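From first to last, the protein sequence lines are chains A and B. Heads up: the first sequence begins at 1 in my numbering, then just goes up one per residue. Heads up: the second sequence begins at 1 in my numbering, then just goes up one per residue.
Please note that the accuracy of each hint is not assured.
Stated by the list, open to error - Among the chain A residues that face chain B by a calculated CB cut under 8 Å, a handful are: (1) Ser90; (2) Pro108; (3) Leu145; (4) Lys146; (5) Val150; (6) Arg256.
The set of hints was computed from the structure by calculation and includes no laboratory data. All values derive from a computational prediction rather than experimental measurement. The beta carbon of each residue, even a glycine, is placed where N, CA and C say it ideally should be.
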Amino acid sequence: MKSVLFFVTGALLLALSASVAAEDMPTGETPSAVELLRKADEYRNFKGKSFAFELKLRSIEPDEAEKTFLLKAEILNAHTSLIIYADPVSERGKALLMDQSNLWFHSPLSSKPIRITPQQRLLGEASNGDVASTDFSGDYDPTYLKQETVDGIPCHVLELKAKPDSLATYDKLHLWIQEKNFMPYQAEFFAATGKLLKTARYTRYEKLPDLGGKEQLVTIEIQNPLSAGKKTIMEYSQFKVTELPVSRFTVSALSRLR
Amino acid sequence: MKSTRHGAIALMLTAASFSPSAPAFDLGGVGVRGQAEAAWQYAPPRDDTPFNPDGRILDFPAHTGILGLRLSPIYGSGPFTLRGDFWGQERIRSTDGDADFYTQAAALDWNVSDNVVLSGGVDIFKWGPGYIWNPSNPFQDQELNFEDRVFSYKRNGEVYASLDWTGEDGWGASAYTLNHKSREKVYGPDNRYEWAYALRLRKQFTSSDAALTYARIGDMNFVGGSYSAAIGDKLELHGEFSVRDRRRTALPRRIDLPGGTESFYVFDRDDRREWRPQFLLGGQYTTESLVNVIVEYLYNGEGYSEGEFDRLEDAAGSSTPLLDSPLGPAAGGFLGTANTLLGRMQRHYLFARISDSHLIGDLDARAFLRYGIEDQGVLVGGLLRYPILDRAAILMGGQYYGGASGSETQDIPFGFVVYSGFALYL
Chain A
1 MKSVLFFVTG ALLLALSASV AAEDMPTGET PSAVELLRKA DEYRNFKGKS FAFELKLRSI
61 EPDEAEKTFL LKAEILNAHT SLIIYADPVS ERGKALLMDQ SNLWFHSPLS SKPIRITPQQ
121 RLLGEASNGD VASTDFSGDY DPTYLKQETV DGIPCHVLEL KAKPDSLATY DKLHLWIQEK
181 NFMPYQAEFF AATGKLLKTA RYTRYEKLPD LGGKEQLVTI EIQNPLSAGK KTIMEYSQFK
241 VTELPVSRFT VSALSRLR
Chain B
1 MKSTRHGAIA LMLTAASFSP SAPAFDLGGV GVRGQAEAAW QYAPPRDDTP FNPDGRILDF
61 PAHTGILGLR LSPIYGSGPF TLRGDFWGQE RIRSTDGDAD FYTQAAALDW NVSDNVVLSG
121 GVDIFKWGPG YIWNPSNPFQ DQELNFEDRV FSYKRNGEVY ASLDWTGEDG WGASAYTLNH
181 KSREKVYGPD NRYEWAYALR LRKQFTSSDA ALTYARIGDM NFVGGSYSAA IGDKLELHGE
241 FSVRDRRRTA LPRRIDLPGG TESFYVFDRD DRREWRPQFL LGGQYTTESL VNVIVEYLYN
301 GEGYSEGEFD RLEDAAGSST PLLDSPLGPA AGGFLGTANT LLGRMQRHYL FARISDSHLI
361 GDLDARAFLR YGIEDQGVLV GGLLRYPILD RAAILMGGQY YGGASGSETQ DIPFGFVVYS
421 GFALYL
C-alpha cells in the first residue's frame, strides 16, 4: 500500500518511456544509442502531444490480499502531469500535480493543496518523480552497452545516465530494447550509489484503433529486488490524445478538478 | 430547525443506504463525491478560568454526538464546470442540539480559453504554503487549516467572481472580487461583510514558487507574499508575509460611570491606521521511512502584546465581581466575548507536526504541538485515521490545552477534547 504512489509514478514514467510503432532500422547496422532510445520512447508517448489515460494498479504482496487502485492521468508535457485517484472510493478526488520538480497534493479532506517533498513521492520503494518525465530521451544520455538475448529475445542494451541539471529521477538505468521492433523489454533502475532500486518488465503492447493503430505499451510489471514476491502490475487503458488546457495544471485548479 | 435536523438525518440515512460495493456515485451525469460521518466528542468545560469564573459564563454538556453529511457534486459540459461542496451537521447533546447546513462552494467555472478560467458563485479561498497559518492570504481563515478534527470547523463560502490566467514560463495571475467577512477570532464577533478585491501574481520555477498579492478589503490595504522551495528530495522550506494598514483587533476599554465609583469593560476594535506585519517561516522534512515533520514559526502583528493580554486578564478580574451587581449583564457580555477571542491571540508561536502519512490508502497518523513563545501556552493534539474496507475509516483523536498558568491556552473554557468517529465515503 505504501508504494502505491511510487507505482503511480513508476507506471507513468515507464509507460511514458515505452510506446509507438517503431520504424524499421536498416538491417546490418548497429543503430546509434540516441536513435534507439528515441524509437523506444515512441511506444510510451505521443510525440510531444498531450494525452490522457487510465491506469489500474494491482499491488501483489505475499500473504496479503491484492490491492487495486484506479487512477486517471493527464500528461501535458514531458514534465507536467496530473494524477487523479478514482477508486477505491475512499481515495476518490485525491490528486497529485507534478510540474518540473514541484509537487502538490490535494485531498478533498484537507483545506487546501499542499506542497510535498519529492521524498513523499517515494512512498516506500522508488521515486514518483518519474511521472513528470514523459520520455527517457529528454532527461538521459544513452550509451550503447551490448547486444544480449533475454528469454530468447535478441535485445540492444543501453545505459542511460542522467543529463546534468535534468529532472531525471534516477542517476542511471539499463534499458533492454528488442532488436526486431525497438519495443522496450525490461529495465533496471539504479540509485546514485549504484544500488539496484527496481526492475521493470514491459510485458504487453496493444494496437490503439482510435489512434491510427499505434502500438502502445499497456502493461508493466514492477518488482522490487529487495522484496521477494512483491510485485505491482500496471495496466494502461483508455488512451486519448487530446488538447489539455494549461490552466488545469495549476495549484489553484486542483480544488476545482472534475 | 427541527425540519433541518430531520433533513440532515434523512440525508445520512440515504447516504448510508448506498451499497458499499458501488464503484461510483453518479446521478445523471453529475459526479457526486460524498462523506457521511458519525462521531462522539468529550470536552468537559473548565470553570476556573478568568473568563469563565465558576462556569457562570459558559456551561455546556461535556458529551456531544455529531452526525454529518458532505456532498460534493460536480458536472462538466464542454468548457463549463458546475461544482458544489455542501455540509450538513447535527450536534446532539443531552440538553439540546442544533443543526446547520453550510454551502462551502457552489460555483461555475468557465474555461474561456486554454489558459483563462472565469469563475463565479460561492467559494472559500485558500492559498499559501504555510500549514498552520497563511498570512499571505488576505481571506485566510486559520480555523480551516485545522483539519485534524473529526468534525472540523465549517463555514459558508463567500460570493465571488474571479479570473485566472496561466501564462508562459510559470507565470500566472488571478483577480478576485468577493463579499468577505473576516473570521479572525481576535477581531471579535462583530465582523461585517465587506466587498474585497485582490490581485495575485504567481511565478513557478523549476523547484520553487513565489506569489505576491495586493488586496483591498473595505478601507484596508493589504500586501502579501509567499515563497516555497524543494531543497533536494527530503526538505521543503517556505515563508509567507503580509502587511496591512489597519489593525482590527478587539481590545478591552474601561467605561467609567458618572460619579467615578463604578466602571466596567467593553471591547472596542483597534482601528489605528498603521502597518501591521504578519509572517510565517517554516519547512518540512520527510525521512526515508516517510515520516513527515513540519516546523513553523509565526508572528502575528495584530495579536495581543504581553501587556495587552495582561490588561485583558485584569479586565476579566475586575468584571467577575460585577456579575452579581446591576452591571452584571455588561460584565457577563464582556467575559463572554473574551472567550470567543481565545485561540490564537498572541504574537509569537512555534508549531510542529509529525505525521506518518502515505497520501493514499493507509493508516494516517499525526500529532502536533503549538507553543506560545510569550505566554508558554501549549496546545497538543493528534489524530488517527484508519481505513477499513474500500470506503470507510475509523477516526480517533484529541487535543489538550495547557501550559503556563495565565497563558491563553489555560484560559480556553475546556482543557481537553477527545473524539472518535466513523466515516463513510460515498
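Which numbered hints does this structure break? 3, 4 and 5
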